Amino acid sequence: MPHVGPAGASGSPYDQLARVLPGRLRRTPWGCCYELAFCPRLIRQRLGQLPELFSPAAEQAESAGQGGPLDLELLRQRLPGGVLFVDLETCGFLGSPVFLVGVVYLGREVVGRQYLARDWSEEPAILYQFWKHLRRRGVLVSFNGKSFDWPMLLQRTIYHQPQRHATLQRHLQEHYDLLYVARRLWGRHLPNCRLKTLERYICGYQRAADDIPGWAIPDAYRRFVTQGETEDLERIVYHNQMDLLTLVELCCRALERLS
Amino acid sequence: MDVQRFLDHLQHLPGYRGQLVHVEELPPREAEPGELRPPLPEPLRRMLAARGIRQLYVHQQQAVELLRRGRHVVITTGTASGKSLCYHLPVLEQLLQDGQATALYLFPTKALAQDQLKGLHRLLEGAAVGAASVQPGVYDGDTPRGQRRSIRQQSRLVLSNPDMLHAALLPYHPGWARFFAGLRFVVLDEAHSYRGIFGAHVAQVLRRLRRVCARYGSRPVFVATSATIANPQQLLEQLVGEPFEVVSRDGSPRGRKFFAFWNPPPAGRGRPWRRSAVDEAVALMIQGMEQGAQVLTFARTRQQAELVFRYVQEYFRRQGSPLAQQVQAYRGGYLPHQRRQIEADLFSGRLRGLAATNALELGIDVGGLDMVIILGYPGTIASCWQQAGRAGRAAGPPATGSFRSGVKPAAGAEAPRRPGSQPAVGPPAAGSFRSEVKPGVGAEAPSRPGSQPAAGAPRVSGGSAETDRYPYLFRQEALLPPEACTGGNESLVVLVAGNDPVDQFLMRHPEYFFGRSPEHAVADPHNPYILRKHLALAAQEAPLDEEAALFFGSHWQQHAAPLERQGLLLRRRGRFYYQGPAGPAQGVSLRHLSDETFTIVLLSPGGEVPPSAPAEAAAWEGLLGQQVPQEQVLATVDGFSAPELVYPEAIYLHQGRTYLVRHLDWQGKLAYVEPVQSDYYTQAIVEKAVLVQESQLERLAAPGHRAGWGTVQVRWKTTAFKKIKFHTRENIGWGSVSLPQQQLQTKALWLLPQGCAGSGGELAEALAGLCHLATKAAPLVTMSDTTDLGGTVDFQNFGRGAVILYDRYPGGLGYCERALAALEQLLRLCLQLLQECPCQSGCPGCVGLPSWRPGQASDPDLTTSGPLPDKEKTRRLLKRLLAGGWSPPQAAAPQGLTAQA
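Taken in order, these protein sequences are the chains called A and B. Following my numbering, the numbering of the first sequence begins with 395 at its first residue and continues without gaps. Following my numbering, the numbering of the second sequence begins with 26 at its first residue and continues without gaps.
Worth flagging that the hints you see were computed from the coordinates, not collected in a lab. The reader is advised that the hints may include incorrect statements.
Cβ pair distances, simulated, as ranges [said to hold, decoys possible]:
no., chain 1, residue 1, chain 2, residue 2, range
1, B, Val658, A, Arg530, 26 to 34 Å
2, B, Gln122, A, Gln621, 19 to 27 Å
3, B, Arg173, A, Gln621, 46 to 54 Å
4, A, Glu625, B, Arg173, 37 to 45 Å
5, B, Gly612, A, Arg530, 56 to 64 Å
Straight-line distance between alpha carbons at most 20 Å, and here's what the computed SDA-like set of lysine to any residue pairs gives [as the list claims (entries may be wrong)]:
no., chain 1, residue 1, chain 2, residue 2
6, A, Lys540, A, Ser515
7, A, Lys540, B, Gln178
8, A, Lys590, A, Leu441
9, A, Lys540, B, Ser175
10, B, Lys713, B, Glu723
11, A, Lys540, B, Asp304
12, A, Lys540, B, Arg177
13, A, Lys590, A, Arg577
14, A, Lys540, B, Arg170
15, A, Lys526, A, Gly486
16, B, Lys750, B, Asp304
17, A, Lys540, B, Lys750
18, A, Lys540, B, Tyr197
19, A, Lys540, A, Arg617
Over the 12 Å line for every Cβ pair with chain B, so calculated as not near, a few chain A residues [as the list claims (entries may be wrong)]:
no., residue
20, Trp514
21, Glu516
22, Tyr553
23, Glu650
Here the structure is a predicted model, which means the values were calculated and not measured. We put the beta carbon where it would ideally sit given N, CA and C, even for glycine.
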């Protein structure tokens, strides 16, 4: 893997990573990080049969609510090019580092990228990549991101770039948290509104049995950083991709329901 | 109160035995105003006018002018001199001028923050500026979740404490970005309390604060207030790490105050010690309260405070006096709401007497008291003056300048007085409680209507023990009519001497106390043990790079390296990243040796002790705070004291009531107690050993005396306890205790005399005496608190007899190192204490009492076993030690040296 070995890093864990999760080194003004692309086959498998929801021609249906969680008008207008789907993997709650930023955006096709911090020093770069994507698109779609992903992104960025604390917020034009949409649309018919439940009942998709549970993620990442263990890291990467693709599909289903 | 008359009264009591050895009169002082240039902005002038303040005192003027110029300032004027205005004014001036500016007020206790918030609100009420633009808020462990967010996002003046800054603000600084970026002022109120271990921690917390602020582009000005200490400037420079200016010229007026030294009479009949200081304090407190004074007694230990309260209340109960309901105890470990209630009651005057520990020493506003009794020298001159400052606050014309005097009445009015309770002037003349004292009758007298004896309240046994107890201060004939001494703005402070050498020394040399400047306070910012803990936390707040040297010194990398080896930090491209467990600050307590608190849980009588949870589960439940329903919690105790206070079968004293410890859950940090009516209390017996691990510095003297300093491990364990009968202090039984051993890695000083005549036994007697003297004298030399040092006689470590003194903190605090440097001074002071003591063959006033044990000196409640001290042998030993000249300290030869801070 010629494009992998980072300059100055001590090699072995990074090499091992490059073998199991081929990707490329991404250099940013805030340092470098590791970039992974979603497997096109996986995207086709999950989103292949979706209608052309994301075509800019989607007609302007009347919105179901004014300003509430179901007011998806702006989202509809900004699709496909102006919207960024995001999902984070972190070492815990507020105050803990973010180590994986997964984004999906729509061009001529669905594009998925993951930015991985291979150790604590690469967190600024993955955050930089997020802000770069957001600046370009402006509208954010997440699942439970209003209480988790967004504050996390803000706080971790302020952590590394304290003097930007007052200006970050302005890169965000609108944020759709599909948790609230899902609760309104499907909540009463489902046992709960967790992403996996929605994935199963709304998207009709059953995830592989060895999907890593959320609570095991911080430790698994720590083991990767301290001991170079990549096995669980692969599972985390897969988990994050699945979460994002489900997010995209849920967004489609919600727009369908509301049009 | 009319102090002269009261003292005269005391001296005419038939049982008076010359206890009053000295009275110092502190004259009243006139106000000295100061004019601020340029004057305050109009809204602030109106704000002051609304509080009746037309002119500032000179110290307020000086402080404001320095702060306006961006200097860090420490203000050291007296209690009630209007110190808080010194910081309120420049802070408010800045917040009004700049809508983004913020300020952080830090108080050593939560109670002080609440107290000051009330004061601020009242101050702002009168201002056209209104609280709206400032939105002051207290952010501490008690702040409801709902308010935290708005304080974080909007408040421009946050009142908090160093613990909260350390564990809740700094680690989550991105959530406080607005606040830190705008931070212009940091206020350190009562900064003298940041000394010793707490000070060393706070010094690191403040360095972390400065570092975080620098990252947000702000550079706050620090303003501190301090009680009188010898080195306010040095202390603050140690704490903050930047230069400070001192404002000390007190421009506030003061009423006349008297400071009396009271030495309990000899116990008599071949008993070489003096009568109990507790008994004397109880008698004085009763006399004072009966004369209409509001009296505060400062005890040295929690148990003493409980005993004084219990005895005073018992006395008034027996008299059928309503004062029995107007006396209380106050100490650390009481739950916050109890403490707030007691403070408010003292302030409002409802409470006429309070027996407190130094938990009340800090500037909580309890109003001016008529009389303060200091039960035993509190170890430092500064602390003594601080406690004395509780007597007779601002007096004279309520002229101006004193923010406090302007505010206080409102506070008093706020606290609702209970129907039937007394106005602040004194106890009611009602009833016949002053009539003939008939032992036993009072006990049967119905308690006041409306008062409810709580469950488990001690019953007075009606025996003769209590009447025997105060035989000489309670004869009827000579007593003044009640409340004869009320009125006037004079106040009285009484220092009641204990048997300790230093207490007795002060009784012989009052001029030493009044002529000497208060002690130095030490906050060691280089303590490696503490520095390392905070370096890890600093790394969690932002990766450590070269800039860290600006805050943590140029050697910070030396301390970061071990953290890297532990796996807490990861080094990448010259920076250290934190990678330890989440929330590391939670595990670092700023205050206690052991970073743990035990909770004391109340069982109903005969109730079941819940099964002990497995360690892990208990830890989790402890984290989640779910294990113990709050209403069952009686009190708390720090992990260091727990094995000495709440071992199984201990009698735990709380509000004068007795509780039996049924079970101590060591893992779960829980002690289960149940109310019992006990006629005894318990004292732990602790076995202690010191193991010398590394010798680092050495001094020699002819003909072969050695003194050294280095690393030791102190191990101790509660092995048994004594049952002591109330009042008579008879030892009525024993019990054994099985608890895990505790250990402390610290620094120690050892002294190995050479060529002492006589057998090992004889040397042991001399060493025991020296140890007792040295643990008491060392604080005077090392500028530490008596509780900061421990001492023991040892024959194990060096193959010969030695006295070992050690710092009672992990890693040491530099006290013993200083004692080694000043060894001759220390020895001379020991000899002086010994020679000036008039006793024949030893007493607690010098080498210790034969029935006492050496090494217990710094822990009045504890005893250890050891050889019996001998005065003459100790004297000869000291002479010999002082005869040969001591070489300067140098590196100890054989062992490898570790880096010194």
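Taking the closest pair, is the beta carbon of glutamate 516 of chain A still more than 12 Å from chain B? violated (9 Å)
Is the distance from the Cβ of glutamine 122 of chain B to the Cβ of glutamine 621 of chain A consistent with 19 to 27 Å? Once the Cβ atoms are compared, 55 Å apart, the range 19 to 27 Å for glutamine 621 of chain A and glutamine 122 of chain B is violated.
Pairwise hint evaluation, leucine 441 of chain A against lysine 590 of chain A, where the allowed Cα distance is 20 Å at most: holds (16 Å)
Does lysine 540 of chain A pair with serine 175 of chain B here, judged by a C-alpha cut-off of 20 Å? holds (18 Å)
Are the Cα positions of lysine 540 of chain A and arginine 170 of chain B separated by 20 Å at most? holds (19 Å)
Is the nearest Cβ of chain B still more than 12 Å from the Cβ of tryptophan 514 of chain A? violated (4 Å)
Compare the distance between the alpha carbons of lysine 713 of chain B and glutamate 723 of chain B with 20 Å, and conclude whether the hinted pair is satisfied. violated (25 Å)
12 Å cut-off, C-beta based - tyrosine 553 of chain A kept clear of every residue in chain B: violated (5 Å)
Between arginine 173 of chain B and glutamine 621 of chain A, does the beta-carbon spacing fit 46 to 54 Å? violated (37 Å)
Starting from the hint 26 to 34 Å, judge whether the C-beta atoms of valine 658 of chain B and arginine 530 of chain A obey it. violated (55 Å)
For the pair supplied as a hint, lysine 540 of chain A and arginine 617 of chain A, confirm whether the alpha-carbon distance does not exceed 20 Å. violated (29 Å)
Mind checking the hinted window 56 to 64 Å against the Cβ distance between glycine 612 of chain B and arginine 530 of chain A? violated (42 Å)
Hint violations for this structure: numbers 1, 2, 3, 5, 6, 10, 11, 15, 17, 19, 20, 21, 22, all remaining hints satisfied.
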